[in-house]
Each structure stands twice: as C-alpha cells, then as structure tokens.
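Participant: The primary structure of each chain is shown beneath.
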Amino acid sequence: MTNDFYRLYNGSAIQRCNIPSLDQDEFLQKVLDAVDSGWRVCSYFGVPAGRELELYALLAPKAGGQLGIASTKVSGGRLPSLTPFCPQLHLFEREIAEQYGVVFENHPWGKPVRFQKALRLVEESEASLPALPGVMDFYQVQGDEIHEVAVGPVHAGIIEPGHFRFQCYGEKVLHLEIALGYQHRGLEEMLIGGPHRVTLNQMETVAGDTTVGHTVAYAMVVEALAAVAVPARAHALRGVAMELERLANHTGDLGAISGDVGFLPTASFCGRIRGDFLNMTAELCGSRFSRGLIVPGGVGFDCTPLQADALRNRVAAARRDLSNATELMWHTPSALGRLEGTGRVSEQTALDLGLVGPAARACGVNRDVRRDHPFGIYSLTQIPVETLKTGDVFARAMVRWLEAEKSLDYLDEQLKQLPAGNVEVEVGTLACNHMAIALTEGWRGEVCHVALTDERGRFSRYKIVDPSFHNWSGLAMALRNEQISDFPLCNKSFNLSYCGFDL
Amino acid sequence: MIEAIVARIKQGHRTMRFPKEPVPLPERFRGYPVVKGSACPPDCRACVDACPTGAVTLEPALSVDMGKCLFCPSCSRACPHGAIEFSKDWRLAANRREDLVVTEGDERRLAQALEKKMLSLFGRSLKFRSVVAGSCNACDADTNVLSTIGWDLGRFGIQFVASPRHADGLWVTGPVTEHMREALLLTYEAIPAPKLVVANGACAINGGPFIGSPEAHDGVGDLLPVDLYIPGCPPHPVTILDGLLRLLDKVK
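So the sequences go chain by chain: A and B.
Mapping to my numbering: the first sequence position 297 is 297, numbers consecutive.
Mapping to my numbering: the second sequence position 59 is 59, numbers consecutive.
Don't read these hints as lab results, they were simulated from the structure.
Glycine is no exception: its CB is placed at the ideal position from the N, C-alpha and C atoms.
There may be inaccurate statements among the hints.
Facing chain B, according to a computed beta carbon distance under 8 angstroms, are these residues of chain A, among others [to be verified]:
1) 190
2) 205
3) 227
4) 279
5) 282
6) 285
7) 323
8) 325
9) 328
10) 330
11) 334
12) 338
Derived DSS-like pairs: lysine-lysine, alpha-carbon spacing no greater than 30 angstroms straight-line [unchecked claim]:
13) B/10 - A/416
14) B/195 - B/252
15) B/36 - B/252
16) A/73 - A/62
17) B/88 - A/406
18) B/116 - B/10
19) A/416 - B/116
20) B/10 - B/117
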C-alpha cells in the first residue's frame with residue numbers, strides 16, 4: 001500500500017524525475033494510509049511548477065531507516081484537507097495555503113501561520129493580501145466568568161516575540177492559541193537561486209541555538225547533491241559539536257525550569273555550567289554558537305590532540321558540576337512537586353500531533369533521528385534513546401538530564417579516539433534537477449531540510465522544518481485545564497524556537 | 001537544606017573579576033580585525049569575493065565594516081597574503097556607525113562615555129527593555145548570560161526589565177522584521193525620555209546574514225537613533241559588557 005513512495009536513506013539525493021508523481025486523490029489517500037499505518041510526516045510542502053503547484057510529502061516509516069517521498073500536482077488550486085483525519089498535517093496545510101494561495105477544503109483551522117507574503121500564488125488563487133501579524137479571529141470560549149488573556153508579541157524578559165491568547169475560566173486555561181510570525185525574515189525566499197555566498201551563514205541562524213543541527217543538515221544536503229564523501233574525522237567532530245550544543249541547551253533548560261519554580265540554586269548553577277559548554281564549543285571554532293564550524297565538505301576547524309585532551313578534562317569537570325546541580329533539584333520534594341503532573345501531554349496526543357525530540361520522548365514516544373535515520377558519526381556509534389511515560393514538565397526535565405548524561409559519555413568516548421585524516425574535502429557543483437533530503441537530531445528534535453535543484457544546479461526550492469514546527473501545538477495541548485500561572489513553566493519545559501518556526 | 005549548602009560549597013564562587021582582570025578567551029576567538037591593505041597585490045579580490053555580507057571593500061582602501069561583519073573566518077581564510085586577520089581583542093563597540101569601519105592606519109574609536117548630564121542620570125542605574133526583532137536568539141542568549149552568576153551584570157547597576165515604562169533604554173537584536181517594526185516602535189515610544197538605543201549584533205546594526213531581505217529592515221538604524229553599536233554574530237558577552245561599561249565611563 002505504501003509502495004508508491006520512493007524509498008531513500010537520510011542524506012541522499014535522487015533525480016527529480018524519479019519522484020513518483022501520483023494522481024491527486026491517490027496521493028492524498030496514500031498519505032493517509034501511510035500515516036494510519038504508523039508513518040510520520042517529516043515534511044509536506046509546495047513547489048511551483050510552471051503555473052501549477054506540486055505538493056511533496058516526505059514521510060518516515062516506523063522502522064527500517066528509510067524515508068518515503070511522493071508528489072502530486074494540485075489541480076484547480078483546491079484540494080480536500082487531510083487535517084480532520086491526520087492532525088499532524090494541520091500546520092503544513094496552513095503553511096502551503098499561505099505560501100501559494102491553495103485552498104484546503106474543510107480545513108478546521110484555516111488561519112495564517114506566519115502572516116508572510118505568498119512565495120507565489122497559484123493561478124486560481126483566491127488569496128488576498130497578507131494580514132498584519134496576530135490580526136486574525138482567535139478561538140473564543142463563551143459564557144459567564146470566561147475571560148481572555150492576551151500576551152505578547154513583546155514579552156517580559158529577553159525572549160523572542162510571539163502572541164499567546166488564553167481562554168480562561170478563573171485561573172483554569174480552557175484553551176491556548178499561539179500566533180507566531182513576528183520573527184519572519186523571509187528565509188526560504190532568500191534561499192531560492194542559491195547556494196549563495198551568505199547561505200551557510202543563514203543556515204547558522206535559522207535558529208541561533210541550533211546552529212549545528214541546521215548547518216549539519218544543510219551540509220548533508222549539499223554533499224548529497226555534489227556527491228562528495230565527508231572524511232571520518234569531520235564526521236566525528238560534527239558529532240562532538242552536536243552533543244556540545246545539546247548539552248549547552250539541555251543544561252540551560254534544566255536551570256530555567258528550576259528557576260521558574262523558584263528553586264534558585266540549580267537555576268544559577270546551571271546558568272553558569274551552560275556557559276562552560278558554550279566555551280568548549282568556542283575552543284573548537286572560536287564561537288560559542290559554533291559559527292564557522294560546520295561547512296559543506298567537512299568542518300572548518302580541526303581539533304589538535306592537545307585540544308581534545310583539554311576538552312575531555314573540561315567535559316569531566318562539567319559533568320561533576322552538572323550532576324551536583326541537578327541532583328539537588330531531584331532531591332528536593334518541593335521543587336519536584338511543582339514539576340510532577342504539570343502540563344501533561346498524553347502519548348496519543350504526541351503521536352497525533354507528530355511531536356519530536358525530548359518533548360515527544362517525555363510522552364513515551366520513542367523516536368530519535370540519531371538512531372532511526374542515522375547520519376554521520378551516528379551510523380557508527382549509537383547513543384541510547386531515553387524515554388519517560390508521564391508527559392509532564394517533570395518528564396521533559398528528566399529526559400533532558402538523562403540525555404545530557406548520554407551525551408557526556410559520548411563526548412568522552414569520541415574525543416578519546418578521533419579518527420585520523422583531514423577534516424574537509426572540496427565540494428564541486430551541485431547536480432541539476434535533483435532532490436536531496438537530510439534529517440538531523442537537533443537538541444529540540446528532528447531538523448529536516450529538503451532541497452530541489454533546477455537545470456543549472458541552483459536551489460529552486462529549499463524547505464526547512466525546525467522541530468518547533470511540530471512541537472508548538474504540543475505546548476498548546478499541555479496547557480489545557482492547567483492553571484494559567486503554570487504557563488511559563490510549561491513554556492520553558494518545551495523551550496521552542498520562534499525564529500526556527502517563522503523562518 | 002544541608003544538601004543545598006554542600007552543593008553551594010562544591011560549586012564555589014564563580015563571578016569573574018572583569019573588568020579588573022581580563023576574561024580568558026579561546027585561542028580561536030575572532031575579535032577586532034587587523035587590516036593590512038598594504039599587503040594586497042593589485043587586482044586581488046579574494047577577500048571581497050569571499051565575504052558573505054559585503055563587509056569587506058577595497059575602495060578607497062581595504063576595509064572591514066564590523067557592522068556588517070559576521071566574524072566568520074571567510075575573508076581571512078581566502079586571503080593568501082594575510083591582509084585580514086582577526087585579533088583576540090574583544091573591544092568592538094562604538095557610538096557611531098562609521099566608527100565600525102576598520103581601515104589600515106585609521107585611528108581606533110572605541111565607544112565613548114555618555115555626556116555628563118546623561119551619565120549623572122544613568123551612571124549608577126541603567127535599565128534596558130529588550131525587544132527581539134527577528135534575531136536568531138543567539139544574541140539574546142549571550143545577553144541573558146550577563147545576568148548569570150558568572151558575569152553578574154547587576155553589580156554594575158545595569159539590569160534588563162520587563163516594562164518599557166521602567167526602562168532607560170531600548171535593547172534591539174535582529175534585523176527588525178517588518179512584522180516586528182510596529183511593536184518595536186511602540187516599545188520605544190513607551191520608554192520615558194531621555195532614552196538610549198543599543199543595537200546588539202550584526203543583524204540589529206545592518207541586517208546581518210539577512211541583509212537585503214524583503215521581509216526585514218537592514219537593522220534598527222533607519223528607524224531609531226542608535227547610541228551604542230555592539231558588533232558580532234553574536235557578540236561575545238565580554239564585548240557586550242565592555243561596550244556598556246564604556247558608555248557608563250566604567251572602563252578606560
């Protein structure tokens with residue numbers, strides 16, 4: 001039933017003519033069937049083809065390590081929405097509608113995603129000019145004693161902008177609606193015709209805290225299109241960078257979660273230890289945010305044996321500090337009392353919404369790109385995947401700590417035995433009329449990049465899916481029937497990217 | 001309780017002594033660019049062609065615009081003559097946009113202290129309201145770092161506050177997306193005069209990697225008067241702190 005999808009591995013490229021182009025109804029049915037049998041939507045996006053629009057669906061089967069892709073042509077600018085049967089598509093469909101003016105009939109939530117100007121409108125489009133960000137009909141709850149709370153776009157603190165609309169009954173949140181788009185920088189539009197000189201720098205800043213996650217995905221796409229093999233030493237160093245990034249962010253989050261329940265010792269210790277991990281990254285490449293480290297063809301900086309040894313010592317010291325700081329929180333019942341049972345997301349909800357990363361693993365959903373679709377160094381050595389069952393703030397915090405432990409082990413192991421050889425190879429021209437895909441496990445979860453090239457080997461479409469794109473809906477669900485005062489805590493336990501979503 | 005005390009002893013006292021003592025920076029840190037136009041042979045454009053944002057120019061002489069510079073190593077890597085190299089000097093902030101352009105032989109102009117009256121107002125207590133306007137969040141992460149125990153920004157009387165009404169200045173990161181323009185300007189308006197504006201990071205100064213984006217302005221400079229530019233992508237916390245302390249006449 002799912003044989004109609006072209007099967008390929010993570011980090012590979014195929015000729016565009018090999019992507020099966022199905023009849024519209026058949027395509028929609030196959031996507032639904034695949035999801036029903038446990039496949040997950042990694043990416044679903046439109047590509048202009050002449051005056052029409054092609055839709056591409058990139059799906060991940062439950063097991064086997066392969067991915068499946070298929071496409072269809074949208075006829076008449078309208079097609080039935082799959083969202084009522086497959087909630088994980090709801091944002092993807094809204095995005096395609098916004099970017100191309102396609103109408104998804106019977107979409108239950110047909111609202112703007114990021115209030116962007118259409119990339120290109122299909123011929124029969126009924127779309128009008130984009131609305132101002134946040135200006136739309138919010139879901140409303142009616143009744144006595146129901147009140148509405150609006151927050152943002154500018155929040156207290158140094159945080160990215162977004163608008164949250166709560167429907168409350170007293171302190172209880174009946175519904176939270178999240179409106180984003182304020183950070184929209186026109187990224188996908190700027191990538192068309194690339195790679196340009198500035199493309200790599202833009203990839204580094206898709207989401208500033210996920211520089212490695214996104215640049216490795218971009219590098220994999222370019223390497224697949226140029227058919228070059230990256231040296232083993234570069235793969236190992238990319239793995240080191242990726243785990244350092246995960247550690248820095250997980251540590252920061254553990255501290256922030258602790259701070260939000262008013263447990264300050266762990267908060268202040270972790271704030272500093274996070275800096276230790278950022279400084280280790282800076283030892284590798286001069287930048288605390290891995291700028292300049294990952295380049296197509298390898299890595300921009302080698303690591304001397306002396307540096308590797310020094311890093312191992314710093315990793316060991318950070319492990320002592322981090323264990324000490326977090327154990328303090330795990331041993332404090334008053335802190336745990338605030339985490340346990342707060343902001344629950346059930347496993348079924350996580351599956352329905354297609355959540356990824358620690359947010360999914362905290363609900364018992366066992367998925368991790370490093371194991372399921374291994375890339376680079378992870379093809380050779382694996383990192384155990386940690387899951388919890390409860391889906392609450394506690395689980396999201398604990399999963400981070402368990403993952404941090406595994407990353408620390410991994411760093412120690414990799415730095416001890418870096419493969420010999422060079423760290424960068426020349427990347428030539430990109431294949432024409434090809435498509436390449438890459439998934440990586442950023443610290444927030446699955447990062448998905450898809451590139452399509454034209455007849456000159458330039459990007460005719462480049463689609464990025466940040467893990468936040470899957471997970472923002474999870475935060476909205478976590479707030480249902482919670483106290484509104486728990487919002488900051490729930491928000492912190494997801495810690496999603498606004499710019500990665502807004503692009 | 002006893003566990004918390006033991007942990008506190010184990011973690012130790014970690015606030016650094018900057019500015020009395022320098023901050024240890026990594027070997028590969030890229031700070032103030034050292035530009036040697038005299039090393040350039042005629043007709044060589046390797047650095048200009050390698051620069052992703054147009055920060056490097058040859059006319060009238062080889063120069064690096066730190067406002068556009070991402071401190072990526074592209075230019076220094078591309079140059080076979082060593083005409084551009086990045087030093088470990090973290091002091092990058094300046095008051096005027098043109099002071100960010102580095103050319104061989106030019107006098108260096110670091111950020112100057114506020115004028116006397118402003119200094120008497122803000123010298124002991126300076127509060128900022130941050131507006132993130134399209135930043136990738138790296139600038140914001142390294143601004144937040146200043147409030148952790150390692151840096152303890154509060155000891156200089158500087159703080160980030162939640163309301164513009166409580167603020168003395170606006171802290172801008174990001175190229176200013178069209179979608180954030182209005183919110184940014186309204187926040188600025190809500191801050192009581194006299195007020196400062198800080199452009200933190202390459203995006204806020206000149207668009208950064210998103211220079212020329214149809215959805216974003218090339219920084220905050222065209223919309224509001226800027227008092228302090230802090231270059232970098234993102235600026236290192238020590239670069240940010242140094243700029244602030246210069247503004248408040250707390251380092252020479």
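Participant: Does each hint fit the structure? Answer for all of them.
Facilitator: Verification of the supplied hints:
1. The criterion of a C-beta within 8 angstroms of any C-beta in chain B is met by residue 190 of chain A, whose closest approach is roughly 6 angstroms, and the hint holds.
2. The beta carbon of residue 205 of chain A comes within 4 angstroms of a beta carbon in chain B, closer than 8 angstroms, and the hint placing it at the interface holds.
3. Annotation: residue 227 of chain A was flagged as interfacial toward chain B, and the flag is violated, the nearest CB pair being 24 angstroms apart, outside 8 angstroms.
4. Interface restraint check for residue 279 of chain A: the shortest CB-CB distance to chain B comes to about 7 angstroms, inside 8 angstroms, so the restraint holds.
5. The interface hint given for residue 282 of chain A is met, as the beta carbon of that residue sits about 4 angstroms from the closest beta carbon of chain B, less than 8 angstroms.
6. Among the interface hints, the one on residue 285 of chain A holds; its C-beta lies about 6 angstroms from the nearest C-beta in chain B, closer than the 8 angstroms criterion.
7. Against a cut-off of 8 angstroms between C-beta atoms, the interface hint on residue 323 of chain A is violated, since the closest Cβ of chain B lies about 10 angstroms away.
8. For residue 325 of chain A, the interface hint holds, the least distance from its beta-carbon to any beta-carbon of chain B being 7 angstroms, beneath 8 angstroms.
9. Against a cut-off of 8 angstroms between C-beta atoms, the interface hint on residue 328 of chain A holds, since the closest Cβ of chain B lies about 5 angstroms away.
10. Contact between residue 330 of chain A and chain B, as hinted, is not supported at the beta carbon level, the nearest pair being about 11 angstroms apart and thus beyond 8 angstroms.
11. Of the supplied interface hints, the one on residue 334 of chain A is violated, with its beta-carbon coming no nearer than about 11 angstroms to a beta-carbon of chain B, more than 8 angstroms.
12. For residue 338 of chain A, the suggested interface contact is broken, since its CB lies about 16 angstroms from the closest CB of chain B, more than 8 angstroms.
13. Taking the CA atoms of residue 10 of chain B and residue 416 of chain A, the gap is about 27 angstroms. The hint holds against a cut of 30 angstroms.
14. Note on residue 195 of chain B and residue 252 of chain B: the hinted pairing holds, with a Cα-Cα distance of about 23 angstroms set against a maximum of 30 angstroms.
15. As the CA atoms of residue 36 of chain B and residue 252 of chain B are separated by approximately 26 angstroms, the hinted pair is consistent with the 30 angstroms bound.
16. A threshold of 30 angstroms between alpha carbons decides the hint, and for residue 73 of chain A with residue 62 of chain A the separation of about 27 angstroms falls inside it, so the pair holds.
17. The suggested pairing of residue 88 of chain B with residue 406 of chain A is violated, with an alpha-carbon distance near 34 angstroms, which exceeds 30 angstroms.
18. Of the pairs offered as hints, the one joining residue 116 of chain B and residue 10 of chain B is violated, with about 44 angstroms between alpha carbons and a cut-off of 30 angstroms exceeded.
19. A distance of roughly 57 angstroms separates the Cα atoms of residue 416 of chain A and residue 116 of chain B; the hinted pair therefore is violated under the 30 angstroms criterion.
20. With a CA separation close to 45 angstroms, the supplied pair residue 10 of chain B and residue 117 of chain B exceeds the 30 angstroms bound.
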